[in-house]
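Colleague: Kindly produce the complete structure, drawing on both the sequences and the hints.
Quick note: the sequence shown uses the working numbering, first residue 11, plus one each step.
Calculated from the structure, these hints are not laboratory results. Quick reminder that beta carbons are idealized off the backbone N, C-alpha and C, glycines included. Please note that a few of the clues may not be correct.
Pair by pair, the computed Cβ-Cβ distance ranges are [said to hold, decoys possible]: (1) E90 x E351: 42 to 50 Å; (2) T789 x Q195: 48 to 56 Å; (3) Q195 x Y752: 42 to 50 Å.
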Amino acid sequence: MSLARPAAGGECASAHSESYFLYQWRKRMEEYRGELLAPAGTMDCLKAAIAAGADAVYLGGQRFGARAFAGNFSREELLEGLSLAHLWNRKIYLTVNTLTKQDELSGLCDWIAPFYEAGLDGVIVQDMGVLEKLRKNFPGMELHASTQMTVTESRSALFLKSLGVCRIVPARELSLEEIRLLKEQTGLAMEVFIHGALCYCYSGQCLFSSFLGGRSGNRGRCAQPCRQPYTVLGQEAGGGRMGGKSQQKPPAYPLSLKDLCVLPFLPELMDAKIDSFKIEGRMKSPEYVAGVTAIYRKYMDLYLTDREHWQIDPKDQELLAKLYVRSETGGGYYHRHNGREMLTLEKPGYLACPQEILERVHGMMEDGKLQKPVSFHAAIRPGEPINLTASCEGISVQKEGTVAQPAQKRPLAEDDVVKQLKKTGGSFYGADDISVELDGDSFVPVSALNELRRETLDALTEKLQDRQKRTYVPEHGREAETAQSEAGESTATAAAMPPLHYADTQRPQSTQCYVSVLQAEQAFAALRTTGIDRLYLSSDLMDDPKTGQLMELVKNVKADRPGFELFVTLPTILRSYSEPYLKRLSGQVKAYDGLVDGFLAGSLGGMCWVTEKYPEKKLSLQHSVYTFNRETRQLYQDCFAPDSYTAPLELNRRELEALPPQNQEMVVYGRVPMMVSAGCVKRSLGACQISHTQKQLSQGIPAAAFSCRLKDRYNAEFPVWVNCRHCMNTIYNSVPLSLHQYLAEQKRRGIRAIRLDFTDETAEKTREVLEFFSEGKGTAPAQYTTGHYKKGVQ
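Modeller: Next comes the structure, spelled out in structure tokens:
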């Protein structure tokens, strides 16, 4: 498929006459050709992507993919798609980018094996256990870290690199400068989104759809609650003034971002030598895939060949604007951190695509039908079999047909042979060069020539496709895995599970009680309550007006209660600009070094930072570090030796039993963080006047607070924790999780500790909850949810 290009405007100037800048740019770009990566939810979309000029296509099978409601590919379709793509020298990346439960993991390698043998180019992964199994069993296949892994800085990327990952799909919230820095610091390939829908939450950190309706975004079933209307309530939503600037009218859709379109600044991304330019849309139509891919192909090629005359044709911009987008498009996070300008202020449903746009795309698809140039050489002699050789891309095949007979009447002419060999319709080939060697007067039926042409082209196709085939040799034997998979076990047996090795494999004498706090008054309440074995203190409280008082109380508690521990909770998201914050935190930890026993990390980057800076201290893993299966637990145990793991919030009681209880702590009370976002409700109201420099220096930054709430259509209110220091919002559930009815059940299972997470509770409410869970006094919470404990997610 091709689009008419703007006039080139003449021959390029020589290095002597052009500007020094342009000359240097040409030298840098000589070997560079960014990959254009298109989506495909169906076979028609795959064909459209290839025809439109995609270098690679990402797609999902009927298992393990993050778009459960896309068409997705059956085993047979996927194998056909691999053959088609490889015939055209295009790559196929398979999405295996969901969190995988223990009882699902057993069938992974058998499911991947036929695609691997057919030459699958790469797999996009979220689950660390899946990553480890693929690394061990499928050598030579590229492993890509999904944006669902929430890679936001270099430490996590380098750790993934050590596990065999060769490409990162960084969080969409990163700026172009951050992506450039990440590439420079790690040497990893960068795959970035250039077009399509954007999530409000950091990908991989969203539990909104999961806890509202049981459809988990981490399992490919997001119901998109961010596209629903919400009313903003609270002090930031009033009609007063904040920071000397009038607040704006609250947006009706405060969580719905505009679709991304980078075409206006595509040259900037290419100058940064981004490795892969990714179009979002595995649930969209072939027309969308074809139109968007063709336009980006056109302008990527144009920039590489004629930078000086690069400009966008308004007709192409119009086509992009009308091809299944929401009311507006924007530039995403590449040049801004957040803001009202990024939101769809109108109803964020997709606009109907005008008929004339569809007709234009259909015309492009017809014009772009794929054909590979093939050359033929035919040798025909009376009394000998017809000999036909077909050649394409340096590969040749030779086939023999029926025996040529002496001509009785009109002998076969060269034009007759050429005419039949040109009839390649219905195949992937177009005759490019035909030579015919006729020796003597021969006769061959037309049907025989046609049949030989078809057989030869089929053989050529098979040989071209064989170039990337390979053999699967599993690490532990394929038969055992197949047997377990076919047994249909709902929970894998302990014998079939890999061993876990812990420094302390003994169950505690009694289940301990841990407490996590966001606010200083909650910390004071927890420290004054007996029966608390560990306090997780937000890292922001290490630099608070009340830090000195808190630490004095911690010192007294440690003296009175041997074994009491203080851990510092790191921010869930760390970015390159978090380094000054981490440096200050290190100073604060040093000042109170005798009191801080360890850290609670909510990300790979945080885990790596603790291991790098404080190898002598304990490390605990937050529930945002997903451990859905034993393979993930084992990997983390081998690499980080955590003191404890927080049980995943999306697993039910049966699924939790498939994981070892050793060193496991379980949240039994607290509001669940539904979204962690770089977006800011406060800024969307026009109520934030803090500069980026202030954030970096932590000067004049207000304390984090529950500044507002979001009320949905059902009048549920979700508190929003506005953390200006990290320029990040956390949206919590409207009611707390409470598993007080199941405490005895989990204690019998032998878990290390129950945990109480305090977020927006007052000091008095904190004391009430602590007394109820630790001492059995008082009453249970009036309103609560049991989350996924009973049912789990799909």
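Colleague: Run every hint past the structure and note whether it holds.
Modeller: Here is how each hint holds up against the structure:
{"no.": "1", "hint": "E90 x E351: 42 to 50 Å", "verdict": "44 Å, holds"}
{"no.": "2", "hint": "T789 x Q195: 48 to 56 Å", "verdict": "53 Å, holds"}
{"no.": "3", "hint": "Q195 x Y752: 42 to 50 Å", "verdict": "45 Å, holds"}
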